[in-house]
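Protein chains in written order, with this note's numbering: chain S, 1 to 596; chain R, 597 to 1192.
It should be emphasised that the hints constitute simulated quantities derived from the structure, not laboratory data.
Keeping only pairs whose Cα atoms sit at most 30 Å apart, straight-line, the calculated DSS-like set for lysine-lysine is:
no., chain 1, residue 1, chain 2, residue 2
1, R, K1096, S, K497
2, R, K915, S, K180
3, R, K927, S, K286
4, S, K331, R, K882
5, S, K497, S, K459
6, R, K1085, S, K500
7, S, K66, R, K655
8, R, K1096, S, K489
9, S, K274, S, K225
10, R, K821, S, K319
11, S, K286, S, K180
12, R, K1085, S, K497
13, R, K662, R, K776
14, S, K489, R, K1093
15, R, K821, S, K331
16, S, K283, R, K927
17, S, K180, R, K927
18, R, K927, S, K508
19, R, K655, S, K59
20, R, K662, S, K59
21, S, K508, R, K1085
There are 2 protein chains.
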Amino acid sequence: MPTYRAPLRDHRFVLNELLNVQQYNDIEGFSEATPDIVDAILEEGGKFCENVLHPLNRKGDEQGCKLRQDGEVVVPEGFAEAYTQFTEGGWTAISADPEFGGQGLPHYLGIAMSEMVTSTNMAFGMYPGLTSGAVHALAVGGSQEQKELYLPRMISGEWSGTMNLTEPHCGTDLGMLRTKAVPNGDGSYAITGQKIWISAGEHPMSRNIVHLVLARIEGAPEGVKGISLFVVPKFLPDEAGNPGERNAVKCGGLEEKMGIHGNATCVMNYDGAKGWLVGEENKGLKIMFIMMNQARLGVGMQGLALAETAYQYSLDFAKDRLQGRSLTGPKNPDGPADPIIVHPDVRRMLLDQKCFVEGARALTFWTALQGDLEEKHPDEAVRERASDYMALLTPIVKAYLTDKGYESVSNGLQVHGGSGFTREWGIEQLLRDARITLIYEGTNGIQALDLVGRKLAMKGMRPINTFFAELDAFVAENQGGGELEPFVKGLAETKAKLQKATNWLVEKGLENFDNAGAASTEYLHLFGLTCFAYMWAKMAKVSVQKLGQDAADPIYDAKLKIGRYFLARWVPQADAHLARIESGAEPLMALAAEAF
Amino acid sequence: MPTYRAPLRDHRFVLNELLNVQQYNDIEGFSEATPDIVDAILEEGGKFCENVLHPLNRKGDEQGCKLRQDGEVVVPEGFAEAYTQFTEGGWTAISADPEFGGQGLPHYLGIAMSEMVTSTNMAFGMYPGLTSGAVHALAVGGSQEQKELYLPRMISGEWSGTMNLTEPHCGTDLGMLRTKAVPNGDGSYAITGQKIWISAGEHPMSRNIVHLVLARIEGAPEGVKGISLFVVPKFLPDEAGNPGERNAVKCGGLEEKMGIHGNATCVMNYDGAKGWLVGEENKGLKIMFIMMNQARLGVGMQGLALAETAYQYSLDFAKDRLQGRSLTGPKNPDGPADPIIVHPDVRRMLLDQKCFVEGARALTFWTALQGDLEEKHPDEAVRERASDYMALLTPIVKAYLTDKGYESVSNGLQVHGGSGFTREWGIEQLLRDARITLIYEGTNGIQALDLVGRKLAMKGMRPINTFFAELDAFVAENQGGGELEPFVKGLAETKAKLQKATNWLVEKGLENFDNAGAASTEYLHLFGLTCFAYMWAKMAKVSVQKLGQDAADPIYDAKLKIGRYFLARWVPQADAHLARIESGAEPLMALAAEAF
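Isolated chain S (complex conformation) (with noise of 0.2 Å):
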């Protein structure tokens, strides 16, 4: 099997030195997180993706899950002492609330650990990611009774979570649910309907699992303004808070799809189920729409996640396979040929994929930092503005991660010839485990029509405005000269085209929606391109004051080097992007639909 190693010098990098986190001490719960105990957190957490889930992964990949006829399903061998011991080991704890027995560390120490559990075991992190989604609903939406039923036995991990939203007539359009809710007298309602794609939605793992539902209260509204909120435990809970009664409420069926076949992809039959109402009637989707944002976030470090095993897969191969030599004299002229890393074009996917992990890292963890400051900074500025930031990089985590860390991927599997299509080399696995971040949670086309439609022009455009003026103010401190100019200028240039393709949107956009429409796509990867060029702007400055330090670490030669990468081969798509964008919606909308 191939090997992961936990990438812990560069949670480090990312965390000490280019987000400096230590400057927020004051804040609550940052001040336990020195970076000793993140290191050790970390370690030990690397060890244990290491040394527990990878070994599980293609198991869990071939076995699958299975439905026995009693609606029960079985997982992959090995998957439930994994889950045992990781929440023993308090890991779906991290950074939870203390109130309900989390452990109150910041959200982008959670996010590191999620990206090496996912890069180990991706279906196998569904199970406790899912759970975390749900916590997080329940924490913005609940009721202080039913946050002291649910959240400590949720962030314990002895129970789990899941979020039912999809039917099978709707998903993007939620406004067609037809699940009905129905009021029982007694303060419950009874839930009836069926739901489709339900990651973790049955499996024996945990000792209940919390199901919440998007339902229809009988006589509300139509469309998406009569949706509402449930909670529908498949155990409902006794006195005591235990596990009692089976509610009614069944996996139908597990869907049989192209990869993450270690988490149970479930069709729930609610029928008549027992459910309680989270919020207020009607106002469902505004809850579930936070924990989806969160959601969003997690699936675009997946797309890191994923990108990180490939890169590390195909780095391996690439320096033990010996076959052809170097266009420049051999290499490696005692051997039979030379490893295959020294030939340009496959350098080319190595770096590619580098420059991707690097950037996206940097960039989850980031944004996974705006949500600890929009939640905890004590000064309301600065809340503010990290709500306006965790708004507007969502979506471009989200889309830009997946759709560019599946890229990654298959560069990964390409490094590996006709070994990374057999089985054999787990890559082929990853790659078909990638390809559902494109899709769930919102498609990526969705998360574009997210940005230009909705987070663009967001609160008189004061997102987008405070981001520009960062960008600009970095540009304008770091000029100079010296090694760090290309990066500026390359930050500088790439942002000059996405305002102007922004000075587009908003002109043409509101002209024609389907200019908006048109452009969305291809403005997100824009986007994208741009926080990239900052982050890796910022990462060489970072680097740069290292080396004038004469810090011995390799590390800051090669984040320049593979920031060159970057700067050489990534840079030049903003062009293309731009011209794709001012093209308009014409050529998209010309030919009638029975012509396709």
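Got chain S sorted already, so can you dock chain R onto it with the hints?
Frame of chain S, contents of chain R only:
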């Protein structure tokens, strides 16, 4: 199951209207291929693919092939019956040599049929596909006796064929191969060694399997100069040419892989198996490469074929799936939502596929026509020019059409949203099947090296200069405004960038070979894009003419609209390719292998 409809109208457009193949009626074999005959053949072939092969595709994927303990391979249900029907229908013989039982029809007809076979069942199509490659190698390199023994039986499909190159330690670098051939003293050789990844290596569908095997004769020079080609039949032909004694070659295992499960990918163990030299000693690679060049065109065609099916699946989905409303107001006001084809971003994914499929089909058929002209045209100058084009275009068709074809299938999957990730809709299989096309018959990186390292400079750059002159002439002849103008302009601009990149390559690639390696993939893509710009300009020209003659068929108007999508969305990529090429090798070579 989703539907496949043979794209006969577009086949006719390309053959009759774009390529005007009737102009070559004086060539052997072409005179029989009148438009009526071609129509009749493709119509019948299309029905076979729709009705026989397509329904077997998912079953083939799910059942895969199984190796029995006795070394025999079990293929998916229905495959053997379909194979019999396929051979009895004469489909293996369409463009084969009449001297040995072939129908002698043009290659372009064979490739049009192969496209439909691959579209409906790629794993199945590889069985006769590999035979066809082996036929070609024997036709080129075999003795008259070998031809008479093998060709009629293989052309009829009664016997099938394979090609055996790869060994565990060598794929691309065949110089390292170890399989040995020891003379038996009776004109035959004893072949011993292990070959891997042998497609169609063992199966029960044909009465005999003819393995073409690369091996090193005892005492031969090391490296590529000591490799010979052998024909090694599974059953040794008796005096009457019937399959006799079992030869000492066995399938030692089946590869578990990402896709094309219906095709048996075998480990083949040769244990003193009896084989006969094909062609001269130590000259085996030359014949194998002739065969491989034909196979590479076939792989490019596979990129097109799977993209066609993905396009059809996703188009049907986009017309049927009701979700959300058009940004410019309801288009299906009586329904609960609009079909998703109203959304610009869904149209982007559909048009991107359509623009690829139609451009790729034009390019593939045009290249196949060059193969016919190279073989059969009475004028030596035409034959030479066609031969130049075949050499130049082969790596481009192979790599560009599979890189972009894979992207195209992925777009088709994305149109399906969550459904795309499930088995039920069939498209995830297409994506898994398509992934191999970027790898086999030489990875796409190897194709790019072939282009910049061999094809560019061959014969004093005659092929590329001839091609450039053809493009320049088209641009010069078609000035004059009107609807054609943007196409001519798009072609001229793209070609100018390719010219610039070529000049850079010639200068900088000779200075430092790593510059050529670093530029190779981007250069191949810029070349592919230029070929597409040419094909779309030619298709636009035909369409403008037809519309000028008041042709009522909606295809002409559609071609112009899809072509304008190409200009708006594909052509801008040229700048990014050029910028990356001109950035040179340094950003790729700077990082030491141990610093990755």
